[in-house]
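Keeping their order, the protein sequence lines are chains A and B. Reminder that position 286 of the first sequence reads as 286 in the UniProt record's numbering, one-by-one numbering, no gaps. Reminder that position 285 of the second sequence reads as 285 in the UniProt record's numbering, one-by-one numbering, no gaps.
Hints in this document: simulated from the structure, not taken from any laboratory. Even for Gly, the Cβ is constructed at its ideal location relative to N, Cα and C. Any given hint might turn out to be false.
DSSO-like mimics (lysine-lysine), calculated; alpha carbons at most 30 Å apart, straight line [as the list claims (entries may be wrong)]:
id, chain 1, residue 1, chain 2, residue 2
1, B, 347, A, 121
2, A, 207, B, 280
3, A, 168, B, 383
4, A, 193, B, 267
5, B, 252, A, 217
6, B, 389, A, 84
7, A, 61, A, 208
8, A, 73, B, 375
9, A, 84, B, 375
10, A, 168, B, 263
11, B, 180, A, 73
12, B, 263, A, 217
13, A, 61, B, 180
14, B, 280, A, 168
15, B, 267, A, 208
16, B, 180, A, 168
17, A, 193, B, 252
According to the in silico footprint, chain A covers these stretches of chain B (three or more CB under 8 Å from chain A) [stated by the list, open to error]:
id, segment
18, 88-102
19, 195-209
20, 296-306
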Amino acid sequence: MAGAIIENMSTKKLVIVGVTLLLFQAFAFMVGGLIAPSPTTAVHYLATKCVDTTKHRAETKWFMPWGPNQCEKIRNFEEAMAKKIEANNIVFAVHIPLPNKEMSPWFQFMLVILQFDIAFKIHNQIEDGSLATIDVGLAYRDDTVSEWTEMAHSFEQRKLSCNFTTAKTYENEGRYYECDLLPFMEVGSVAHKYYLLNIRLPVNERKKVNVGIGEIKDIRLVSIHQNGGFTKVWFAMKTFLTPSILIIMIWYWRRITLMSRPPVLLEKVILALGISMTFINIPVEWFSVGFNWTWMLLFGDIRQGIFYSMLLSFWIIFCGEHLMDQTERNRFSVYWKQVGPIVFGSFCLFIFDMCERGVQLTNPFYSIWASDVGTELAMAFIIVAGICACLYFLFLCFMVFQVFRNISGKRTSLPAMSKARRLHYEGLIFRFKFLMLVTLTCAAMTVIFFIISQVNEGHWHWGEHTVQVNSAFFTGIYGMWNLYVFAIMFLYAPSHKRYGDEHSSGQCITGDNGGNSGEDIQLTTTITHVDGPTEIYKMTGKEAQE
Amino acid sequence: MSHWMRDDGLTALPGARSCFFFHRRPPVHLGIISALSDLPDLPFEMTEEYVLRCVLMLCCALLSANASNWLYLAKLSSVGSIRDEETCERLRGLIQRQVQICKRSVEVMDAVRRGAQLAIDECQFQFRNRRWNCSTLETMPVFGKIVTQGTREAAFVYAISAASVAFAVTRACSSGELEKCGCDHNVHGVSPEGFQWSGCSDNIAYGVAFSQSFVDVRERSKGQSANRALMNLHNNEAGRKAILSHMRVECKCHGVSGSCEVKTCWKAMPPFRKVGNVIKEKFDGATEVELRKVGTTKVLVPRNSQFKPHTDEDLVYLEPSPDFCVHDPHTPGMLGTVGRQCNRTSKAIDGCELMCCSRGFQTQEVEVVDRCSCKFHWCCYVKCKQCRKMVEMHTCR
Numbered sequence: 001m002a003g004a005i006i007e008n009m010s011t012k013k014l015v016i017v018g019v020t021l022l023l024f025q026a027f028a029f030m031v032g033g034l035i036a037p038s039p040t041t042a043v044h045y046l047a048t049k050c051v052d053t054t055k056h057r058a059e060t061k062w063f064m065p066w067g068p069n070q071c072e073k074i075r076n077f078e079e080a081m082a083k084k085i086e087a088n089n090i091v092f093a094v095h096i097p098l099p100n101k102e103m104s105p106w107f108q109f110m111l112v113i114l115q116f117d118i119a120f121k122i123h124n125q126i127e128d129g130s131l132a133t134i135d136v137g138l139a140y141r142d143d144t145v146s147e148w149t150e151m152a153h154s155f156e157q158r159k160l161s162c163n164f165t166t167a168k169t170y171e172n173e174g175r176y177y178e179c180d181l182l183p184f185m186e187v188g189s190v191a192h193k194y195y196l197l198n199i200r201l202p203v204n205e206r207k208k209v210n211v212g213i214g215e216i217k218d219i220r221l222v223s224i225h226q227n228g229g230f231t232k233v234w235f236a237m238k239t240f241l242t243p244s245i246l247i248i249m250i251w252y253w254r255r256i257t258l259m260s261r262p263p264v265l266l267e268k269v270i271l272a273l274g275i276s277m278t279f280i281n282i283p284v285e286w287f288s289v290g291f292n293w294t295w296m297l298l299f300g301d302i303r304q305g306i307f308y309s310m311l312l313s314f315w316i317i318f319c320g321e322h323l324m325d326q327t328e329r330n331r332f333s334v335y336w337k338q339v340g341p342i343v344f345g346s347f348c349l350f351i352f353d354m355c356e357r358g359v360q361l362t363n364p365f366y367s368i369w370a371s372d373v374g375t376e377l378a379m380a381f382i383i384v385a386g387i388c389a390c391l392y393f394l395f396l397c398f399m400v401f402q403v404f405r406n407i408s409g410k411r412t413s414l415p416a417m418s419k420a421r422r423l424h425y426e427g428l429i430f431r432f433k434f435l436m437l438v439t440l441t442c443a444a445m446t447v448i449f450f451i452i453s454q455v456n457e458g459h460w461h462w463g464e465h466t467v468q469v470n471s472a473f474f475t476g477i478y479g480m481w482n483l484y485v486f487a488i489m490f491l492y493a494p495s496h497k498r499y500g501d502e503h504s505s506g507q508c509i510t511g512d513n514g515g516n517s518g519e520d521i522q523l524t525t526t527i528t529h530v531d532g533p534t535e536i537y538k539m540t541g542k543e544a545q546e
Numbered sequence: 001m002s003h004w005m006r007d008d009g010l011t012a013l014p015g016a017r018s019c020f021f022f023h024r025r026p027p028v029h030l031g032i033i034s035a036l037s038d039l040p041d042l043p044f045e046m047t048e049e050y051v052l053r054c055v056l057m058l059c060c061a062l063l064s065a066n067a068s069n070w071l072y073l074a075k076l077s078s079v080g081s082i083r084d085e086e087t088c089e090r091l092r093g094l095i096q097r098q099v100q101i102c103k104r105s106v107e108v109m110d111a112v113r114r115g116a117q118l119a120i121d122e123c124q125f126q127f128r129n130r131r132w133n134c135s136t137l138e139t140m141p142v143f144g145k146i147v148t149q150g151t152r153e154a155a156f157v158y159a160i161s162a163a164s165v166a167f168a169v170t171r172a173c174s175s176g177e178l179e180k181c182g183c184d185h186n187v188h189g190v191s192p193e194g195f196q197w198s199g200c201s202d203n204i205a206y207g208v209a210f211s212q213s214f215v216d217v218r219e220r221s222k223g224q225s226a227n228r229a230l231m232n233l234h235n236n237e238a239g240r241k242a243i244l245s246h247m248r249v250e251c252k253c254h255g256v257s258g259s260c261e262v263k264t265c266w267k268a269m270p271p272f273r274k275v276g277n278v279i280k281e282k283f284d285g286a287t288e289v290e291l292r293k294v295g296t297t298k299v300l301v302p303r304n305s306q307f308k309p310h311t312d313e314d315l316v317y318l319e320p321s322p323d324f325c326v327h328d329p330h331t332p333g334m335l336g337t338v339g340r341q342c343n344r345t346s347k348a349i350d351g352c353e354l355m356c357c358s359r360g361f362q363t364q365e366v367e368v369v370d371r372c373s374c375k376f377h378w379c380c381y382v383k384c385k386q387c388r389k390m391v392e393m394h395t396c397r
């Protein structure tokens, strides 16, 4: 019979393939752990308090915290008080990066987090639910002498959620509130060398703007960007993986087209999985080094989303095609109930992502979490997506359970079957169990490494070597799913053994199956089965039997 | 303010500045005027006399190099910004090797000076209710003779000052004032390629390293008795540990759709008030130690062998503190508690009984101008009504 390669492969060869894949897997982990630096870096900035002495602001003036042309600075606000400087004339300036450093397109993205240092004063406390209104401008330049070019300017509101952990007594004045981190800015490409942020906190008592936000002592920013080294390793990996998956995909599809029957659903789904993997793999990010494409971050999200939903659909369809009951499937529409939640869930996440990162394309300071409506909307999207995920996993678990129940049912009747039929079912069971095992291992690995990378502080010291656990997680897991897709396409491609006598093998099976016509339908729906409409084979089988 | 000061003998100390609780941090009962006026720094003029005094003082400092004299930097507001290497020579309170460090890294010195001021402020805040309230003198050593002895108070001063330098330098790093920090000894060195490849290490590492080289250098220089040097080094390290072990870990998720698939964590420095509180707690539980030889090395071990040995984060001291009750003109900094305000109802050290060392206290009715129904902006603007009220004030005899 013309089964998949995995069934017809000798154990020895299977072991060789397995070991090779494991070696590649170990290599993927090692590339991340030993060569790459940690995936991201967080840099602290303390905003410099500049004084805006200009009387009327006709054009935007940029305030530099240090270096030549630095602004007129004040150390603290007591000094400002003594000099009778008003809150509206204070500009918090932050230059990204720190002196003697340069930003680079290899950083891929940059997101900035805002933190207020607010001192507790018994007469000037933070009011409940108070909003900080921030007038912020972002500028860039590519050398140290030219003028700053404005990149974005916006008025933003951020909700201060601060609490004071000790008693609100006179004794504790001067202690700081503990405030939540505020999302501040996100840019999807770091095309320029120097960035400058100017932040104002305008006060307007009549409009209740920035009133009741306590006594702000400092503004701290944390900027996060991907490490250049990690980006390079990542790109290298993608560049290497793309052709590997592409080649195996072409090889796989050629095998299928070589057969005289049209491809069955499962084969198409595997191809789709390969395509979505290639889509993720193609290193279009190389362009981000040369071009200022801010949508790269969003595009990456979309690609990942497509791959995830493809992988989830593949699992469902694979289970369904191995159900071994007497229903005719082989059509995508049969699975709408299971695939529906995936599509809907990923659509929700897509909308959410468009609302957050999509809007950030035009206003880098936008955050959906900043407003109440936005927060509710975002939560709604995420909850719906979560429900969809739960629904999906219920379906999947139920299907897997069904398959196992059928398997155990078949097991009892296996000895009574004819040899060919027994082989066929054993092949089905083996294929299913193999994929089940591999999938579970991959999923478990992902979860375990995810937990390790979350719990761990990011790197382990191994004698003199430092192992970057987080980088190893990313490259290892990414490599693992690539190998997974690779292995599926390779092992589940139709076997070329006895290619020539497809017809006779078909006769062989159907001939043996003649007695149990009900189960024949099942055979035709799986990829192991030979081409041609069922009835004919049934007939020929019956004929042969007779 | 002067009427709160004792007029007995205190005038013998030129420029003695008592820093009482209500002086440094003006509370409600002194009115707005004092609340708004910060302590004016005594102006120095670069006269010949001053320079002479400077040189003299430098010599003195070199001879009696066992106090944290560099804290005197906090008092040198007249020098302006420490910009060039020549200024380093003129700074009072530094020993020769500190001057060398100053010359090597001039840009850091402003941060060091702010650190010194921070240490003094925090010390005065933490000790506002104690008999010794961290008063500073205009002479060296800044805290008077208390700190030159191996007392608990000295342990605190050393710890807080080492911590404050680390803190101030780290802050200066984050605001971009310093060019050397971060990226110190990372995998790929100091080059910009290092930053591009793997980012920079935390600024706190630089701050702590600078504090270690600058503050500890005194104890490592010659002419220091072994037990005091060990004690000071230990307390300096304990002060820095107070920052390091209270770093707050903060994280941000930024994976697909902001999921925690990708998470970046960093360590944020605690506010300095918290560092002060931690060191104050260590002060309360400090261990009395003595020098003992273990093998060939000298170590500090608890005097009472039943106590469990101190850890790296604990403060240690060699001799018990004096009671700080009476003003001693021969001991600079020993101001006594006469004229200090006390709390009548408290049984603790700020209570009148303990604070006044059983000498009794005076009670006065004072009318104070309080600020009430104020309007604040987040910075630089306060508009209040004035409310007058009568308050009983107790001062030690």
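Here is what the structure says about each hint:
no.	hint	in the structure
1	B:347 - A:121	holds (27 Å)
2	A:207 - B:280	violated (44 Å)
3	A:168 - B:383	holds (22 Å)
4	A:193 - B:267	holds (26 Å)
5	B:252 - A:217	holds (23 Å)
6	B:389 - A:84	holds (29 Å)
7	A:61 - A:208	holds (26 Å)
8	A:73 - B:375	holds (26 Å)
9	A:84 - B:375	holds (16 Å)
10	A:168 - B:263	violated (34 Å)
11	B:180 - A:73	holds (21 Å)
12	B:263 - A:217	holds (28 Å)
13	A:61 - B:180	holds (29 Å)
14	B:280 - A:168	holds (20 Å)
15	B:267 - A:208	violated (35 Å)
16	B:180 - A:168	violated (40 Å)
17	A:193 - B:252	holds (24 Å)
18	88-102	violated (count 0)
19	195-209	holds (count 8)
20	296-306	violated (count 0)
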